[in-house]
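S.K.: Taken in order, these protein sequences are the chains called A and B.
In the numbering used here, each number is its position in the first sequence, counted from 1, plus 46.
In the numbering used here, each number is its position in the second sequence, counted from 1, plus 149.
Please keep in mind that the hints were generated in silico from the structure rather than gathered at the bench.
Glycine included, C-beta positions come from ideal geometry on N, C-alpha and C.
Certain hints may be false.
What the hints assert, rightly or not - The following residues of chain B were derived to be distant from chain A, with all beta-carbon distances above 10 Å:
no., residue
1, Ser178
2, Lys283
3, Gly286
4, Lys326
5, Gln344
6, Pro378
7, Leu385
8, Phe404
9, Glu412
10, Gln479
Stated by the list, open to error - Straight-line distance between alpha carbons at most 25 Å, and here's what the computed SDA-like set of lysine to any residue pairs gives:
no., chain 1, residue 1, chain 2, residue 2
11, B, Lys431, A, Gln54
12, B, Lys431, A, Asp75
13, B, Lys251, B, Asn240
14, A, Lys64, B, Lys448
15, A, Lys125, B, Gly206
16, A, Lys60, B, Lys431
17, B, Lys308, A, Ala165
18, A, Lys94, B, Val201
19, A, Lys125, B, Val201
20, A, Lys48, B, Asp421
21, A, Lys163, B, Tyr260
22, B, Lys313, A, Gly158
23, A, Lys60, B, Tyr264
24, A, Lys64, B, Gly282
25, A, Lys135, B, Thr315
26, B, Lys448, A, Ser83
27, A, Lys64, B, Leu302
28, A, Lys60, B, Pro266
29, B, Lys470, B, Asp421
30, A, Lys94, B, Gly206
31, B, Lys370, B, Arg445
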Amino acid sequence: MKADEVPQDKRDFKEGDKIHKLMYAVDTDGKYTGITSAGWEAENIATKQAWDAVDEELAETAEKVKRGELSPIAYFMQKNLMEVSLLAKYAGKWQWQVKRHFKPAVFKKLSGDMLAKYAAIFNITADELKNFGK
Amino acid sequence: MSTTSYQHYQHAHCESGVTANLLRHAGISISEPMAFGIGAGIFFAHLPFVKVSGTPGTTFRTWPGAIFKRTTQRLGVEMHTQRFRTPERANQALDDVLASGKPAGMLSSVYYLPYLPEAFRFHFNAHNLVVYGKQKGQYLVSDPILEDVTTILPQDLAKARFAKGTPEPRGFMYYVKSAPQQIDYTRAIQAGIKQTCFFMLSPPLPWFGNKAIFLLAKQIKKYPQKLTPRKASLYLGNVIRMQEEIGTGGAGFRFLYAAFLQEAGVLLQRDDLLGFSAELTKIGDDWRNFAYHAARLMKDRKSDLVSYDELSDLLRICGEKERDLFTRVQKIKW
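Build the full structure now, drawing on both the sequences and the hints.
M.R.: Next comes the structure, spelled out in structure tokens:
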């Protein structure tokens, strides 16, 4: 890559334009030098797609929570880009227990302590967790 | 309590960047490409059966921690490394190191670093950064991928250092204990290059080194038959992201390694290394070309410009050129 080919395609989603990464490219004498890049179209497309997939799934889950098919834990897990295995580790529970907590009926009976624990993991208040989708 | 003399330099990749920044602070003049090359950072692996967030794992670099460890060992720098049971102990130990006037490197999860924009934050637990001081209850942070230094609250840093998942940083912290007066760069560079060639060419398994590029090429060819268009597109996207995402230095580290070969060639006065550097630069352009076409294909989700077959060929050519290059690099007479 030549110095004047270092891509400057703005990464204009989720505040991605705040970071200018350093890249190595060769100058006219063939010597390597560091140049900052605003972003690259190819990478932007790939990253944007990954985020869009996350947002789509999140919207679907939000609907399911509203319809009473899933508990808010499923929603906030996805919102925090977690999978069941990771959430289980943070919660100190087995995966099957976390999956059980996805059931609205089970969720209603969760203790205050457990709710507080989940809320802390998701960086929200217990009330926000309980009242989501209502 | 701040290491005021600490100088922050922006780098392309977090681990080689932190290594270079810490070593420079200790009085060793070393560039990021040099740290990356001596640490044999370049690699390739594709693991179709290990799913990372639902897509097959692909990496263009060696495993986390290896660059730092190999580089410091090869330069004869004595490091202190430590993991912790609790965030309290980790913060206390960090405060003690800072009080002794030393900056400390550490592992963190990018997801819990509030100073990064949301676009970059996902559960990646092997991000390296340097803390070089504490002021008004905040840690002073030198994150090598940022242009400037920043700050972080102790509770946020603790969260990032004790993130769960794979791998778990468990507060991993490191700092320079002592640096040698004289450094034998020649031997360090040789050892780094030899190891890189070995890792690229020797693994007998199809998932690691140069062989894995051909494996990925074969897999990509099968994507249209095996996967839904959406899945195929996500899988491709992941390869591009690994090639370009946070701190890869462009083209899956190829330019970073080419910069190393060039610097080594100048330092050791070897024209063959300069030639290899120029060749790898061209191969890096091929990688970028692959990523560019892959992104186009992804965006349209139909094969009007370049089909999966053609993408697979582009990748195979990268693999062939690299196999040829590293085979010749391995035969260098030192």
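S.K.: Of the hints given before, which are not true for this structure?
M.R.: Hints 7, 8, 9, 16 not satisfied by this model.
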